Amino acid sequence: MYNDLLHALPNVFALTNFIAVVIGVIAGIVVGAMPGLSATMAISVLVPFTFGLEPLVALGLMAGIYNGAMYGGAIPAVLLRIPGTPAAVATTFDGYPMAQRGEGGFALQVAVVSSSIGGIASAFALMLLAPPLSRVTLLFGPSEVFWVAVFGLASIIFLLGGNPVKGLISACFGVFVSVIGSDPIFGNDRFTFGRLEMLDGINIVILLVGLYALPPVIDLLETPLKTDGVNSSKLGTESIWKALPRMKSYWKTWLRGSLIGIWIGILPGAGGSMAAFMSYNEARRTSKTPETWGEGEPEGVAAAEVANNADTASALIPALTLGIPGTAVAAVMLGGLLVHGLQPGPMLFRDNPDIVFGFMWQFLFGAILLVLLGGSLATNSFARLLNLPRPLLGAVIIVLMLIGVYTIHGRMFDVYLMLGFGAIGWVMDRLKFPLPPVVLGLILGGFAEENLRLALRIGRGDPMILFQNTTSLILVALTIAVIVGPTLKRRYFDSRMKM
Amino acid sequence: MPESRKSRLTRPETLTALGIIVVAAGFLVPTSDLRAISALLPAVMLIGLIVLSSLLLLADQRRAGEGVPATPMTQSPKRVIGAFLLIVAYALATDFIGFYVSTAVTIPLVAWIFGYRSPLGLLIATVIVVGTIWAIFDFGMSQDFPTGRLLGR
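If you read the protein sequences in the order shown, they are chains A and B.
Per numbering that gives the first Met the number 0, the very first residue in the first sequence carries number 0; after that it's consecutive.
Per numbering that gives the first Met the number 0, the very first residue in the second sequence carries number 0; after that it's consecutive.
If you are wondering where the hints come from, they were derived from the structure by calculation, not from laboratory data.
Don't take every hint at face value.
As the list claims (entries may be wrong) - What the simulated footprint calls covered on chain B by chain A, stretch by stretch (three residues with Cβ under 8 Å from a Cβ of chain A suffice, anywhere in the stretch; the number is not a length):
| hint | region |
| --- | --- |
| 1 | 41-52 |
| 2 | 142-150 |
Claimed, not checked - Lysine to any residue pairs mimicking SDA-like chemistry, simulated, CA-CA at most 25 Å apart:
| hint | chain 1 | residue 1 | chain 2 | residue 2 |
| --- | --- | --- | --- | --- |
| 3 | A | K431 | B | L56 |
| 4 | A | K287 | A | L254 |
| 5 | A | K431 | B | I20 |
| 6 | B | K77 | A | T222 |
| 7 | B | K77 | A | A422 |
| 8 | A | K431 | B | P71 |
| 9 | A | K287 | A | R100 |
| 10 | A | K431 | B | I112 |
Unchecked claim - With the Cβ distance kept under 10 Å, some of the chain B side facing chain A (calculated, not the full set):
| hint | residue |
| --- | --- |
| 11 | T15 |
| 12 | L17 |
| 13 | F26 |
| 14 | S31 |
| 15 | S37 |
| 16 | Q60 |
| 17 | V67 |
| 18 | Q74 |
| 19 | G81 |
| 20 | V109 |
| 21 | G120 |
| 22 | V129 |
| 23 | G130 |
Because the structure is a prediction, the values reported are computed rather than measured.
Where a beta carbon is used, it is the ideal one built from N, C-alpha and C, also for glycine.
Model the full assembly from the supplied sequences, consistent with the hints where possible.
Have a look at this one:
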């Protein structure tokens, strides 16, 4: 299978595919630098525009955006103490004090180099771990696939933290949306209410744009940006190549942060912010001068940024092999794959090796390009993006959302549907209902139903068919562990605290 | 101090839970017309939504009874409602009077209402955005946008 990986390499250097990664990285940095916008939102808005593109061009754009946005979030975090993305919160601790004493340029350079190293490590992890895992999953039959879907949903609901009841409501909503349309086996209509537009079901892009793009736009228009940031024109930037020797002592932090980020990325439900905090705390704990942390220690920026980029590609390991995304961005990227007819899961590696392995290479090159595009060339200019007026930005995103959704089928019905999902998404966002289970419910709902019904037909209606082999039982046990694990862990820590 | 009956029922989580219960119950009705195997998953999900929302409702009411204040969904409801209405109005305008006219009006209007008041900046931004959309989608990709039902085209 690693031969396929090497065979896919030349595809990445095809001009259009390469340009897509470059554009993606630049766009990602821009989006990440805008407080209130995120990689998830950018990819949601982008997906409908990629319909007519070759799969590797579309995936290159997504890989570039994901890599770029994770670094872009560091720009306002350093200059304004406002994390551009949630994963950049830990970057503010030392990045902002550095900017206050006129070292904002160096802080951004540490951030971009660390982000790039984290991204490269993550891409290698994806390349090394995903192929063997996919080979195992090729052995799965309908009942195992059904349990994989249940395990995926349970993971994202219970490991995401927060209120599990709200997580379950989100997942039920997503699965319910997945059954709207024609029944896959009997062909009768379900919940279409006579609308021809609903017969094919709800296109995932409509849901993604509504849930992930509309609420941030409302946020942009709702609150004016208030900052106490330093003047971004006084960054004190020197060439990144001159700054590199100052960073050579951070290699242990980069190594540790990369491993933490990769591990957190693989775990369903965790995410970049958790990786950044864990890496920051570990680096501080092992530092010889922990008292300087929080007051402008460049290694603190390195620790946070290397980890939040190291969870990017690794979050796709369970997503590509099992169809279980580790993060919200990975869930949206799964939607992007579906748009191009690529069903995440074991068959993806067998049927489309050029595309799936090419995608992995694009992640690697996206991470390398980060230093070239976000480093010496662009740090100063990207910092000025923060001056773009938020209301104008909001208005432009509204237009892009409408175009993206309208062009899927060329009908306004989809736009109205998207607005409905957007309103639901805004309420869910404000009441802290997690959004990833909705997307995963939509992706896995149909998949789970189809395989459940297939398994029941094989077993002639006997539900015990779902428990008749070792793999199914292991998956059931893992699902139960994921459901009860967090509660047991909390009780254990509570009892230790009381002692 | 426990909240009054009216304010307890207008807590955002309570209203949301009630809304989910009503809508899910409404969607349960058509499942009776489906074959049992077709209705299995949607019915389970809808019943799940009703049960889970009831739990959410009870938990929220218990908090209300303990005097825990509800977190407001927004600090500036007028701006949020205004933003939603403008977006819906833009979609309707696109449908009824056409895409380009609506877009050329919406971009400066939304930006102006929400605080960006530079006429030159608005003009430049509108021309760039509308021009780029036309060049990429209409000219480059032959993508047709709505021309407006009211205009009969």
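Quick rundown of the hints versus the structure:
Counting residues of the region 41-52 of chain B whose CB lies closer than 8 Å to any CB of chain A gives 7, which reaches the minimum of 3, so the coverage claim holds. Residues of the region 142-150 of chain B with a Cβ under 8 Å from some Cβ of chain A number 4, which satisfies the need for three, so the listed coverage holds. Our distance criterion of 25 Å between C-alpha atoms is met by A:K431 and B:L56, whose separation comes to about 15 Å. Note on A:K287 and A:L254: the hinted pairing holds, with a Cα-Cα distance of about 17 Å set against a maximum of 25 Å.
At roughly 18 Å between alpha-carbon atoms, A:K431 and B:I20 fall within 25 Å of each other, so this suggested pair holds. At roughly 11 Å between alpha-carbon atoms, B:K77 and A:T222 fall within 25 Å of each other, so this suggested pair holds. Under the criterion of a C-alpha separation no larger than 25 Å, the hint pairing B:K77 with A:A422 is consistent with the structure, at around 15 Å. The straight-line distance between the Cα atoms of A:K431 and B:P71 is roughly 12 Å, inside the 25 Å bound, and the hint therefore holds.
Distance hint between A:K287 and A:R100 is fulfilled; the C-alpha atoms sit about 22 Å from each other, no more than 25 Å. Among the hinted pairs, A:K431 with B:I112 is inconsistent with the structure: their alpha-carbon atoms are about 28 Å apart, more than 25 Å. Taking 10 Å as the C-beta contact cut-off toward chain A, the hint placing B:T15 at the interface holds, the least distance being around 6 Å. With 10 Å as the threshold, the beta carbon of B:L17 stays out of range of chain A, its nearest partner Cβ sitting at about 13 Å, so the hint is violated.
A distance limit of 10 Å between C-beta atoms decides the matter here; for B:F26 the minimum to chain A is near 6 Å, and the interface restraint holds. Nearest Cβ of chain A to the Cβ of B:S31: about 12 Å, over the 10 Å cut. The hint is violated. For B:S37, the shortest C-beta to C-beta distance to chain A is roughly 5 Å, which falls under 10 Å, so the interface hint holds. Violation of the interface hint for B:Q60 is found here, the shortest Cβ-Cβ separation to chain A being roughly 14 Å, above the 10 Å cut-off.
Residue-level restraint check for B:V67 is violated (minimum Cβ-Cβ distance to chain A is 14 Å; threshold 10 Å). Satisfaction of the interface hint for B:Q74 is found here, the shortest Cβ-Cβ separation to chain A being roughly 7 Å, below the 10 Å cut-off. With its C-beta approaching chain A no nearer than about 8 Å, B:G81 sits inside the 10 Å limit, and its interface hint holds. For B:V109, the shortest C-beta to C-beta distance to chain A is roughly 4 Å, which falls under 10 Å, so the interface hint holds.
Hint status for B:G120: holds, given a least beta-carbon distance of 7 Å to chain A, under 10 Å. For the restraint placing B:V129 at the interface with chain A, the shortest Cβ-Cβ distance is roughly 9 Å, inside the 10 Å limit, so the hint holds. The closest approach between the C-beta of B:G130 and any C-beta of chain A is roughly 13 Å, which is over the 10 Å cut-off, so the hint fails.
Checked against the numbered hints above, the structure violates hints 10, 12, 14, 16, 17 and 23; every other hint is satisfied.
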